[in-house]
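**Q** Each protein sequence line maps, in turn, to chains L and S. Here the numbering used here is used: the first residue of the first sequence is 1, the next is one more, and so on. Here the numbering used here is used: the first residue of the second sequence is 323, the next is one more, and so on.
Rather than coming from a laboratory, the hints here were simulated on the basis of the structure. Every residue gets a Cβ at the ideal spot worked out from N, C-alpha and C, and that includes glycine. Only true hints are included.
Each pair of labels, with its calculated beta carbon distance range: (1) L:GLU259 <-> S:ASP764: 24 to 34 angstroms; (2) S:LEU747 <-> L:SER315: 50 to 60 angstroms; (3) S:ARG687 <-> L:HIS120: 47 to 57 angstroms; (4) L:GLU94 <-> S:PHE620: 27 to 37 angstroms; (5) L:SER315 <-> S:LEU513: 39 to 49 angstroms; (6) S:ALA539 <-> L:HIS120: 13 to 23 angstroms.
Keeping only pairs whose Cα atoms sit at most 27 angstroms apart, straight-line, the calculated BS3-like set for lysine-lysine is: (7) L:LYS37 <-> L:LYS108; (8) L:LYS232 <-> S:LYS632; (9) L:LYS136 <-> S:LYS669.
Residues from chain L shown here face chain S by an in silico Cβ test under 8 angstroms; the list is partial: (10) HIS130; (11) TRP167; (12) PRO200; (13) CYS238; (14) PHE248; (15) PRO271; (16) SER280; (17) HIS288.
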Amino acid sequence: MAWRVSALVLGLGFCAVTVLSGRERKEPPFPLNLFAKAKKEDYIGEKECARCHKPYFASYERSPHALYMRDTKAPLDRQGCEGCHGPGEIHLEEVEDATKVVRYRKSKPEEIARACLRCHGDTMRLAQWHRTDHAKSDVSCTSCHQIHPSLEEQRVGKAPLPGSAPWVAERVPIAGLLTSDQVRLCGGCHQRAVNQMRLPFHHPVLQGRMVCTDCHDVHPSKSGRKKAHPFKSTCLTCHAEKTGPFVFEHDPVAGWSGEGCTECHQPHGAPHPSLVKAFSRGLCNQCHTDKGNAHFPGWTCWQAGCHVAVHGSNSDPFLRTP
Amino acid sequence: MSGKKAWSQTGAVIGWVIVLFVRSASASPPKPTQVPEVPTDASIAFASWLLSGSEQRFRSYASPPRGLFLAGASIAFPEFRGERGLIWGANVTEQDYTIGSQGAVLFGRLRGSFFVSRNRFFRPTPLPLPPSQRVVRDLSLRHLFTPDFSVSFNYSMQMEDHFFDPPKDPLGQRTRYWDLVGEGKVGSGFLSVGYQHRFYRDRMLAQPNVTVRGWRALYLWEMSPDIGVETSFSRFSVRQPARPINDITALSFAAEWAPGANSFVDTILRREAWDLPAIGNAAVRERRLLSASLRHRFAGWTVLIRGTQKEAERIRGDRTFVDVPRWRTWETRLSGRLGESFRLTFKGSTQHLNHPPVMVAADARPLFYDDRRSFQLRLEGGSPRVSGYLTAGHERFDNDARAVEITLRSLIIGCHYQLSERASLFAEYAYDNWTAKSEMADFPNVDNFLSNSRVTALGLQWTVDRRTSLNLALSDFATANDNPLLLRNGNTSGRFLTGSVTYRFPAGYQVSFTLSPWRYRDRVAGALNYDTSLILISGTARF
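If we strip away everything but chain L, and leave its shape as in the complex, we get (with noise of 0.2 angstroms):
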């Protein structure tokens, strides 16, 4: 009833914001504004910028971008520097002014996911990236991905991560157009995920045998439905053996309360084998209190050859056998 009640609440707040806000049509904000106020004869072609900004230009060839925007089917708004920095006259207009041309190393988040999400719309729609939480921590496309790629760093890569395996080839990825490999990338912010990842178990990162996106879907992007497991949680994607459903279910490990597979689990890397929270028997005490040293004293409780069906069992109710 409170579930109903909130959506019509949502829904009828919306529908009176709808109203409200198309009584005044305001001008589209920056950088929409340069593309929609500019005429055929404002865009004056990739050769013009190259005057300027030639070592742009040159990495601007090397990058898939000019794959797609050397199309000449395309619309002009879409075609070469333009497409993504504004049309040239207008920045010519006056060439200091940061209004008048796309400048992605001082846009601010916000403007740049305006400008990569006009071609990148089947990615994600700018409403959607508003919704992730690098938009609400204010991480922009750019923080990520790179227009102009160093081919320099594509080819030698860079010096060895603390941790990682040294045989493991470190190139720049070369698919995205990432700015670095994705350890050092999303390192860069989450140090505690690759300091876990240093710990004696761990899933294979630093080892080269995973990449951080084989897990986590950054955007919705097509690789990342596959990761979407409408049934139970993405770790599922490779340790499909836990699927279910089982006809006994173990409560954390189907996700009904709590966390799914993090209640147990530390999936980056633990000091413990499994990649658990607390070691052998810790871990089930944790919930279980009830079933403490007077159940059982010994080893582990799966590895005892008791519950060996801790994530679920087609066959008996205490996941004594799968």
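Based on these hints, arrange chain S on the given structure of chain L.
**A** Showing chain S alone in chain L's frame:
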């Protein structure tokens, strides 16, 4: 080679590095090396271990290759106007290796990409087991019908064969996934319609086959640049042989509104109906989520407040209603600049469980945490020469009915120091401290099984001259656990140093020499200790 000898060699190498570093510090900065633009390169390497101790433990994580191997190759497909492809491998003659390939090509408006990889690896068990393996094959095709609307097909196959310590049974499973999705701009919004199919098969017949299939549709209506409303609906079925069909239906509504240039409001309502007749014990038949957040920027600071309520309608195995536990969460985040050079971020959240679930068991007290609280403070900044960060965190989990209190305190401190134009130093220290209390008063209690851990990381990157560069990376960890049952893998420490020298020839060819003295100790099970000095020589050729 003994561990002591390996470490003395390491000391000599470090000393040599320091001497070279000091000598070059006064030299003029190097000019950037000119690398010709070439589309293809390949790296060949030779590696040898000098191992003493447990080979099983040493090889437990993607063990180093041995002998001659292909370290990597990058190939372009200019005839297809393609993006660069990549293949890599690590000694396929060993029982433990990784090999794979990926690439992407473009034909007009059709983009195709593939990824294949094969990993074989050991499990760190005392008994020798056959190697486990994981094979992944992905294919993706995407056609842009208009600049704003695409149809894509994705296929993925994962093959996993794993062997474990007894009594755990081995796994031999195949997971096949495919989807067909059309999405893009339609009208003044974004439409996404797709069908998914996922099939799981256990070759060992320990688990029944599972087929998850269904469709989802989403439409985002962008009423104006400031307002977006999104509705999505999905329906999936989960099928297993000789069992009733399970259905999951989800409906959600999300909206985002920017009332001003610096304010954003968003809300999500989601309802999931679960019809799971295959489950014989307590389950959930409906889940509801309501979340709303407000984000506002002012004077260089951003504040976020978010409230979330989750409800789960629980049923018994006989499908009769039990109760509706409700989780209410409040989150806040404040971030902004402190002066010119520093940035401060504070995050906090608190979750409380109302109407705690009654357990359908002999002990009816709730098994779930009824309070979760977390706080994190992060300070970062500095100058282009010296920058650093400090992150302090506190997490607390309570279950009042069972007197459970679990606390995690964490600290990460790190810095990056640009020693000169050619040398930089990186250092990081992370510490996790766990404490716990519960109604289990006797030894051993929960607290005795929780481990503290510390990780130290150091990195030195030094460009000796325009052709020679040198890198050092050290990772050092230790875990501390009371380990009342005296089990292996409970109290461990490790020190992994990697030093490498790279020389680049004018044509862009390069050779590298890497020395990695590593040490691992298990204080309870000494048989798992090892010392090693990995030697790796690699050459990269460009064509």
